[in-house]
Amino acid sequence: MAIQFSKLAERGSLNCIWIGEDLNAQQEIFTVAGIIMLETSNVNVGIEVTSPLARNISTIARAAATLSQIGRGRFRLGLDAARPNALMRDATTLLRRIWRGETVTFTSDNFRLSNYYARYKPSFATPIYFGVRDQKLLELAGETADGVILSGPRRYIEKAVAIVDQGLRKRKRRGKSFRFVARVPTVIVDKKSDLKLAREAVATVLAETPEAVLEMAGIAQEMVKPIKALIAEKGVNEASRIVAEDLLQEVAIYGSPEAVALDLRSLEKYGIDEAIFGSPYGREPAKAIREMAEAWRRLV
Amino acid sequence: MEKASIDFAVGLNAYETFEEIVDKCVEAERLGLDYVWIGDSPPHLYCPSVAAAVASRTKKIRIGLGLLSPLLHTPDQILGSIFSLTEVFGDRFEICLGVGDRSQLLRVGVDAKLLRAWDHVLKAKRKIARSLRASGVSTKIWLGAQGPKMLAAAKSFDGVLMNYASPRMIKWAIDKIKPVTQKDFDFGIYAPSYVYRKWRPQAYRLLRIASAVVALGAPAAVLDEFGLGKRLQGAIEEHEAGLRIESVVRHVSAEVVDNFSIYTPSSKLRSYLRELGDLGISHMVFGFPQNLSKITIRDLASALR
Chain Y
43 MAIQFSKLAE RGSLNCIWIG EDLNAQQEIF TVAGIIMLET SNVNVGIEVT SPLARNISTI
103 ARAAATLSQI GRGRFRLGLD AARPNALMRD ATTLLRRIWR GETVTFTSDN FRLSNYYARY
163 KPSFATPIYF GVRDQKLLEL AGETADGVIL SGPRRYIEKA VAIVDQGLRK RKRRGKSFRF
223 VARVPTVIVD KKSDLKLARE AVATVLAETP EAVLEMAGIA QEMVKPIKAL IAEKGVNEAS
283 RIVAEDLLQE VAIYGSPEAV ALDLRSLEKY GIDEAIFGSP YGREPAKAIR EMAEAWRRLV
Chain F
4 MEKASIDFAV GLNAYETFEE IVDKCVEAER LGLDYVWIGD SPPHLYCPSV AAAVASRTKK
64 IRIGLGLLSP LLHTPDQILG SIFSLTEVFG DRFEICLGVG DRSQLLRVGV DAKLLRAWDH
124 VLKAKRKIAR SLRASGVSTK IWLGAQGPKM LAAAKSFDGV LMNYASPRMI KWAIDKIKPV
184 TQKDFDFGIY APSYVYRKWR PQAYRLLRIA SAVVALGAPA AVLDEFGLGK RLQGAIEEHE
244 AGLRIESVVR HVSAEVVDNF SIYTPSSKLR SYLRELGDLG ISHMVFGFPQ NLSKITIRDL
304 ASALR
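These protein sequence lines are chains Y and F, in that order.
Take the position in the first sequence, starting the count at 1, then add 42; the result is the number in the working numbering.
Take the position in the second sequence, starting the count at 1, then add 3; the result is the number in the working numbering.
Calculated directly from the structure, the hints in this document are not laboratory data.
Just so you know, these numbers come straight off a predicted model, no measurement behind them.
We put the beta carbon where it would ideally sit given N, CA and C, even for glycine.
Hints are supplied without guarantee of correctness; some may be wrong.
[As the list claims (entries may be wrong)] Now the in silico label distances, taken between C-beta atoms and shown as ranges: (1) F:187 with Y:270: 52 to 58 Å; (2) Y:300 with F:22: 39 to 45 Å; (3) F:10 with Y:308: 37 to 43 Å; (4) Y:150 with F:233: 58 to 64 Å; (5) F:277 with Y:131: 55 to 61 Å; (6) F:273 with Y:150: 36 to 42 Å; (7) Y:68 with F:22: 26 to 32 Å.
[Claimed, not checked] A few chain Y residues that face chain F, going by a derived Cβ cut-off under 10 Å, partial list only: (8) 50; (9) 70; (10) 72; (11) 79; (12) 84; (13) 100; (14) 235; (15) 237; (16) 278; (17) 312.
[Said to hold, decoys possible] In silico BS3-like cross-links for lysine-lysine, where the CA-CA straight-line distance does not exceed 30 Å: (18) Y:214 with Y:49; (19) F:116 with F:181; (20) F:62 with Y:49; (21) Y:163 with F:174.
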């Protein structure tokens, strides 16, 4: 699907195609990203996100370097691990050392390199984005990454930006090419019944959202528990019926293509540089992406 | 091009830029070679993405990925790459599975000895083959093998790629496998190669290094079988002590180079090919440094005509 939509996105003057890693899908994310790079010529392509432990760190380094070469600097690497800071810090440091052409010897619980060096020469820099939610990791993103991918309710995004800012201030990096990206479930609504799709997306997202994130967003557990229970008992279709209007507005962006484009742009007020038009897009995803891209082009 | 029953390929080591690799593959297709093989190793570019770039710039040449080590890529990742490539570029891909270069694996923290490496390879093969069958994708799965244990496992693959080149060693391996393989099983070799019209010292120096790397990675059982173990002892000790391969190579004799490489003037390649054809070889990958430049690839293609 990502490959199919990539040309639509490029024609719509979108800035970046972010590809999620679905471990159950019959696709390999770096291969898919490479194919999209080859099928497009201007749009950036990002991986959103992969775990530093899903592959050997040297494999992640060379896969990213290959994509940066193919895309002539259009590639972005998203990393995520629900682990302590050391893992993400080490992964970021190691990737950059490998890309600089250093001979690396390093041992930790998660990584082991011994006199390793890359024989390829990375011709373009690969920015590293953290796709994290934990407060300490958000701060670390500001300290060490080139960008952050935030996902969650709007109030959470607002607070998360402030936390990342703390990390940026530690390094005195605010405003220096660091990018804030936010991914929001988005639905183009043609008719009222399309709202059901948005409610289903919100039910799914809320059920998977960590308690700490809900707390930051001011969403009481009591509001989410019945949704989770209903998903477990009867499926997301039934659960979507009890998603309240305020939750829908807090978590998703939906409406006509023009309204969605405006709403995505309004994330600027939180300090967001780039908004991801996230799934489920609409009843007909290809049509929704095309309409959304056209609306965005008219807006910008 | 002499086409009898052998497919010819050039192997590309992905340490160049992807553009240089793609250019060479385009040239290989123009020259009529049947395959290109894109190598995969920790210090090199990422093979599946390079294969995508090659496929996007060529029309029909078949593209081999590998050797892919299941110690570095999970079966699902390998499958995902095959599915994505096949969906976009059609049925042009084959893979070669194997343990991989143990010294390179150690550098990235993977100790093949501790990990029961062969179990990983065989389990990966079974899972990949099952999923491909279920999805109706007919990607051929080769095994990269050298020693007796690996060769014994080859029967469950579609073919075996051996990385030695002397007819004596190849015959020894085929005799071991043939009685237990299916009728359509393919025997291939993937060896350091230098087929030349005009001899170049740089290419020969690189051939010696590439051959030494293969010889030093060969199982002791193979080296001993052919009386090479003692002759390589000094080189093995220096290699294990961490000396650079460029230094170790001075202990590797020309005879060892001959066993592990295809080294011949283009005028004499035909008789070698006939000999291998008679042994049952159906797939030949001319490895590094045959890929050194478009000129060395053209030299090979011209010798195959």
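Looking only at beta-carbon atoms, does the pair residue 10 of chain F, residue 308 of chain Y fall within the given range of 37 to 43 Å?
59 Å Cβ-Cβ, so the 37 to 43 Å window is violated.
Given a cut of 10 Å on the nearest C-beta pair, is the interface hint for residue 278 of chain Y held or broken against chain F?
violated, 25 Å
Should the interface hint for residue 72 of chain Y be scored as holding, given a Cβ-Cβ cut-off of 10 Å against chain F?
Since the shortest Cβ distance to chain F is 6 Å, the answer is holds.
Per-residue hint verdict: residue 312 of chain Y, partner chain F, C-beta under 10 Å:
With a closest approach of 35 Å, the residue 312 of chain Y hint is violated.
When you take the CB atoms of residue 277 of chain F and residue 131 of chain Y, is the distance between them in 55 to 61 Å?
holds, 60 Å
Can you let me know if the beta-carbon spacing of residue 300 of chain Y and residue 22 of chain F is within 39 to 45 Å?
holds, 42 Å
Is the hinted pair residue 214 of chain Y and residue 49 of chain Y satisfied, with a Cα-Cα distance of at most 30 Å?
violated, 38 Å
Cβ separation of residue 187 of chain F and residue 270 of chain Y, checked against the hinted range 52 to 58 Å:
holds, 53 Å
Quick one, are residue 62 of chain F and residue 49 of chain Y close enough, alpha carbons at most 30 Å?
Satisfied, since the Cα-Cα distance of roughly 21 Å is no more than 30 Å.
Would the stated hint for residue 235 of chain Y survive a check requiring a Cβ distance to chain F of less than 10 Å?
violated, 32 Å
For the pair supplied as a hint, residue 116 of chain F and residue 181 of chain F, confirm whether the alpha-carbon distance does not exceed 30 Å.
holds, 28 Å
Does residue 50 of chain Y meet its interface restraint, that is, does its C-beta lie within less than 10 Å of any C-beta in chain F?
With a minimum Cβ separation of about 16 Å from chain F (threshold 10 Å), the hint on residue 50 of chain Y is violated.
Checked against the numbered hints given earlier, the structure breaks hints 3, 4, 6, 8, 12, 14, 15, 16, 17, 18 and 21 and satisfies all the rest.
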